[in-house]
Structure formats: C-alpha cells, structure tokens
Amino acid sequence: MQEFQAMEVKNKCVEWIRNFFEENGKGCNCIIGISGGKDSSVVAALCVEALGKDRVIGVLMPDGKQPDIDMAEKLVKFLGIAGMTVNIAPVVRTVTQGVQDAIAKDISVQAAVNLPARLRMAVLYAVSQSENGRVANTCNLSEDWVGYSTRYGDSVGDFSPLSDLTVTEVKLIGRAAGLPAEFIEKTPSDGLCGKSDEDQLGFTYEVLDRYIRTGKIEDAAVKERIDGLHARNLFKLRLMPKFTL
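Residue 50 in this note's numbering sits at position 50 of the sequence shown, and the numbers go up by one each step.
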C-alpha cells in the first residue's frame, strides 16, 4: 500500500474546505463543536487554515462539569479562534425528565448516552443560524465504519473534512497542520459515558484502520465483530429510506 502523504492530503482538504464555503456559504463562518479531542482539533485547524481564524467559531458544550474541558479551552486559545460555552446540563435534565414522565419509566441507557450528542448538534445549529454559519462534521472513517456516532447527533453537519480518513490518517494530518501532540494523542472518548472509544468498541483503532485500508487482520473474533458492526450500522451513512410512487 502506498505511504500516506499527510501534507499533500492536508493541503487538498484545506482547498476543499475553501471551495465548499465559496460555493455553499460565501462569507459564512465555520461553526464547530470543540471537545479537545483529535477530530475536532484537526477539523478546527484545517478550517482556520482554509478560512482564517476570524471565520471559525468554537463551541464548547459540557454536560455539567466536564473533566477535560481544559483541553477544549486550550485548543481555542492555541488556534486564536472565537470560543463560546453552552452548558447543556439543564436541558439534558429537563428533556430526560420529560421523557421519563411521558413513558412512566427511566429512559434506556443508550438513550441517555445519545441524548446529549443530539442536543449538542441542536446547539451548534442554533449558533450557526445566529452567526451566519455552516456546521462542521467531525466524524472520521474509522468511527463511521463501525457506527461509532450518534445518528442526528455528531453524525451530521454541513460539511465533513475527515469522513474519508482513518484515525491513523487524521493524526498524521493533525501533525502536518502543526497541532501539538497533546491535541492529537488524547485518548479518544465520547465524553459522555466515561469510557474510551476503544474500550467500548473492543478493539484498537490501529487494528481497525489496518483492516479498512488493507483488509488484513489476524484475530478472527475481532474481524467478525468489526464486520458485524459495519453491517448493522450502514444505515447511519445512507439517506433515510422513503416510499416512492
């Protein structure tokens, strides 16, 4: 397999972002949810390079007190972009209680995990529509491959710079974009359930990325799990089915 040319791909992605805004939002701002993790950090850095720091707005959305919020604040300061914080805890509590009252039982564990992600996207679009913006999607190919995103939460946006790039490639692009290692090598987590991405998936991104790009994998059980997740979650990447006449 040909060696990944990080700088070349980074430059092409920056140009693609510029073209997107030229065609779909001339003069608009980029609105991006900042978690302090590699994906939002890399997307923010690419958008700053493409549009200039004055057209990138970072939105921090802790659910109450977020232990790693300092990383998101550091990124905003490092890039020199405008930042704002919207704490989603009150609305998460209100919606959770409202649903539980309506169904007369606790919401499911999965619903509790996904609700904050969906509310965060609602916040991003509220900011976007108020600040002449376009919302950046921060998902990568590795996460999308196994369905590790919340439908109508972090899986959506107006443009997606990283959705054809694996986690390994995203990290390389982050380095090419000049981001410090602390933003690139932070242990990936959804920031919602207290577990790392790899803990929840049951395999490492290194193994997944190699399988995606080369088809090679040694552990049969892990291959079966990856293939199963991919098949079950393909619906997240497709348009909503519709009845046609």
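No lab work stands behind these hints, which were simulated from the structure alone. The structure displayed is predicted, hence computed values, not measured ones. Be aware that a few hints might be false.
[As the list claims (entries may be wrong)] Here are the simulated distance ranges between beta carbons: (1) GLU131 to VAL91: 13 to 21 Å; (2) ASP70 to LYS12: 38 to 46 Å; (3) ASP219 to ASN11: 21 to 29 Å; (4) ASP227 to PHE4: 17 to 25 Å; (5) ALA112 to ASP68: 18 to 26 Å; (6) LEU237 to GLN200: 38 to 46 Å; (7) GLU185 to LYS223: 42 to 50 Å; (8) GLU22 to TYR152: 39 to 47 Å; (9) ASP219 to GLU131: 31 to 39 Å; (10) GLU3 to ALA104: 38 to 46 Å; (11) GLU131 to LYS186: 22 to 30 Å; (12) ASN19 to ASN132: 35 to 43 Å; (13) ASN233 to LYS12: 37 to 45 Å.
From the three backbone atoms N, C-alpha and C, an ideal C-beta is built for every residue, glycine too.
Against the structure, the hints:
1. GLU131 to VAL91: 13 to 21 Å: Holds - the Cβ-Cβ distance for GLU131 and VAL91, about 20 Å, lies within 13 to 21 Å.
2. ASP70 to LYS12: 38 to 46 Å: Hint violated: Cβ distance 32 Å, outside 38 to 46 Å.
3. ASP219 to ASN11: 21 to 29 Å: 36 Å, violated
4. ASP227 to PHE4: 17 to 25 Å: 24 Å, holds
5. ALA112 to ASP68: 18 to 26 Å: 20 Å, holds
6. LEU237 to GLN200: 38 to 46 Å: 19 Å, violated
7. GLU185 to LYS223: 42 to 50 Å: 27 Å, violated
8. GLU22 to TYR152: 39 to 47 Å: Distance hint for GLU22, TYR152 is violated at roughly 28 Å.
9. ASP219 to GLU131: 31 to 39 Å: 47 Å, violated
10. GLU3 to ALA104: 38 to 46 Å: 58 Å, violated
11. GLU131 to LYS186: 22 to 30 Å: About 27 Å separates the Cβ atoms of GLU131 and LYS186, which means 22 to 30 Å holds.
12. ASN19 to ASN132: 35 to 43 Å: 19 Å, violated
13. ASN233 to LYS12: 37 to 45 Å: Because 28 Å falls outside the window, the suggested range is violated.
In summary, the numbered hints that this structure violates are 2, 3, 6, 7, 8, 9, 10, 12 and 13.
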